[in-house]
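*Asks:* Take these sequences, add in the hints, and give me the full structure.
Chain by chain, the residues run as shown.
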Amino acid sequence: MSLNWLKKKDESASTGIFKQLKKGLSKTRQILSTDIDQLFAGSKKIDEGMLEELEALLITSDIGVRTTMELIERISIKSNQISDADELKKELKSEIKTFLMANPPPGKNIEGLRVIMVVGVNGVGKTTTIGKIAAKYTARGKKVLIVAADTFRAAATEQMMIWAERAGAEIVVRKAKTDPAAVVYDGVETAVSKKVDIVLIDTAGRLHTKINLMEELKKINRTISKKLTDAPQEILLVLDATTGQNALSQAKLFNDALGITGIALTKLDGTAKGGIVVGICRTLQIPLRYIGIGEKIDDLQDFDPALFTEALF
Amino acid sequence: MFEDLSEKLKFVFKKLKGHGKLSEKNIETGLKEVRMALLEADVHYKVAKKLVSDIKTRALGQEVMASLTPGQQVIKIVNEALTALMGSQHKGLQLSGTKPISIMLVGLQGSGKTTTAGKLSVLLRKEGRKPYLVPADVYRPAAIDQLRKLGEQLSVPIFPSNIEMDPVQICREARTAAQHEGCDTLLLDTAGRLHVNEELMGELSRIKDAVKPSDILLVADAMTGQDAVNIAQSFDRALDIGGVILTKMDSDARGGAAISIRSITNKPIKFIGVGEKLNALEPFYPDRMSSRILGMGDVLTMIEKAQEVVDEKAAAALQKKLRKNQFTLEDFRDQMVQIRKMGSFSELINMIPGMGNNKHLKNLKVDEKEFVGIEAAINSMTPQERRQHTIINGSRRKRIANGSGTSLQDVNKLLKNYAQVMKIMKKINKGGIHGIDRGMLPI
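Line order of the protein sequences matches chains P and W. Per this note's numbering, the first sequence starts with residue 11, numbered consecutively. Per this note's numbering, the second sequence starts with residue 991, numbered consecutively.
Just so you know, these hints were derived from the structure itself, not from any lab. Owing to the predicted nature of the structure, the values given are computational and were not obtained by experimental measurement. Please note that the accuracy of each hint is not assured.
[As the list claims (entries may be wrong)] In silico EDC-like pairs for lysine to aspartate or glutamate, Cα to Cα no more than 20 Å straight-line:
# : chain 1 : residue 1 : chain 2 : residue 2
1 : P       : 262       : W       : 1240
2 : W       : 1022      : P       : 65
3 : W       : 1036      : P       : 65
4 : W       : 1202      : W       : 1156
5 : P       : 99        : P       : 63
*Replies:* Shown next, in the form of structure tokens:
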């Protein structure tokens, strides 16, 4: 069934990245596209019932009530011009793309030492994402250093070490329960003396509502800036695609505390659609940088709003 | 945990307040808001739809006049619907079977299985059992290490798995090893997996067949969105789970996943994870939770009390009087007596949604004896005085004070307060605020 679908759509798959992205998102797409096609099986015109079903589709992909209502409103204004599934899809895509394009990711000038701090709540996949990002950079011939600053969770350091080895990156580790800011201080110092290109800082997962733990992150951030004035160049928030509307609260609070520069959306290889990012991109103006679509080291894609929406359904 | 949802509903019903009757139209508006709140709380689209339609059926079928305010009536109905869905009792672990028994933990990546395994071992030990930790995640880097470290930290024995082993083999061998260690309860920490990964779901079924666990718990993140229904359904179909543990409940997640999971699997939520510390695991009480969802504190108790004491006809008559500025001292007294039947004033304040947190009201110490004095003073008035307070002159005041055992100042204060209330009432009536409810009275 999924093969059939892929065949049908294969003509439009042009680039390699696109194919890979489609592979990762195929289930998501299949669900959405089949449903929308079915919507038009009986009637041709867009009516209340159809909009309601469309609403169900958008809400079940975690896009959220508000964003959904906004999208539906925009669609229903144009309802006279839309007569079939393809047109509706096209309209929806372009609307969602507008939301996602509100804030294009920054250009990729990575001259000199670049420090990337990675943050997020527990269990979203920070360590795995860092391993994958490290592999991306080492593949481009960059010298990468990982700082294992999650000294709290049992065996987090061991997990990071395995990923560093897989990615061909160097790693700075300290004993469990060491002050993470101290680990980061050492890490940045090592990065400078070893003249690496990229520093990836793994922090312990924490709920965005725990004030003291958020303060700890701010301290880590200050430690980095004290060592290197312009650093960290990026603060990446990792979000789990399975997460519902709470992701917005996560993004807000991490952004308030640190000023998030980009988002990595993980676990998109399941049935969760991660629709919440549409609302996050729109309201907080934070670009989506990466999407995680599997457990393998190369299962991380650069996010491209055009490709993403094109591949969504 | 459910704070956001309760705040929403509070707001919804604040809007509903001020309508005299619970008509089909204002139920609709209210229900729309309830639906929005449920969806924003991540309750699944279909589940929310069904809940709202249940609530509507209940609301329309009910005697509307029996309620204090339309809003409170709806709260009660929403609460009943949620309680009906969530069940009413806490369900613990299923621990029967020939020892050593096994408890299997399953779930997506990052839902918190390993930490929960550690927490459960603490809980089981407290109950006098001898837990044995079994790391069966051979895929995630250092997952075995993580559980081993937790085991060391807690001094709970742990099976020496390694990543070369097959997870089914690990679980099978662990049983014998547990017996040797004198342990009676195995906690099988399986690898996180996506519910759509057929190969890995098959592995779980094989573990189940091999060790026949007494309980299988789905560990799910409280922040899960709409996908919670797919996840719960897939794991339940593959394994016939015994229950759910909801983790990260100490976040600000609205926790609608709890409602979705329960409604789709009909399996109980047994425990909730409420922190990173290894004792931060609490039993889940569905009945407490549904009033927590509403966030109304004891408002339900208050509604029940109010229903017992308030005579509806009298209340309706009173409203009419209030609107026509005919609220006499007699009514003032009756009103006070009725409210006092419901309990002490400070107790009542805490029961009113939003009032419990009000700083001014928290610090407000109400002298219950003062009410006795007021009541006595009004009782010492002639019927005419009660209906027409303007005729109460100096000598009448003195007589009232003497007759009721209060001081002249007390009587003056009472009359001043009453005059003020009348002034407010007039203002309100002029301002066009319809349907004044009893909560607005100064006592």
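*Asks:* So, for every hint listed, does it hold in this structure?
*Replies:* Here is how each hint holds up against the structure:
| no. | hint | verdict |
| --- | --- | --- |
| 1 | P:262 / W:1240 | holds (17 Å) |
| 2 | W:1022 / P:65 | holds (14 Å) |
| 3 | W:1036 / P:65 | holds (12 Å) |
| 4 | W:1202 / W:1156 | holds (17 Å) |
| 5 | P:99 / P:63 | holds (14 Å) |
Comparing the model with each earlier hint shows no violations; every hint is respected.
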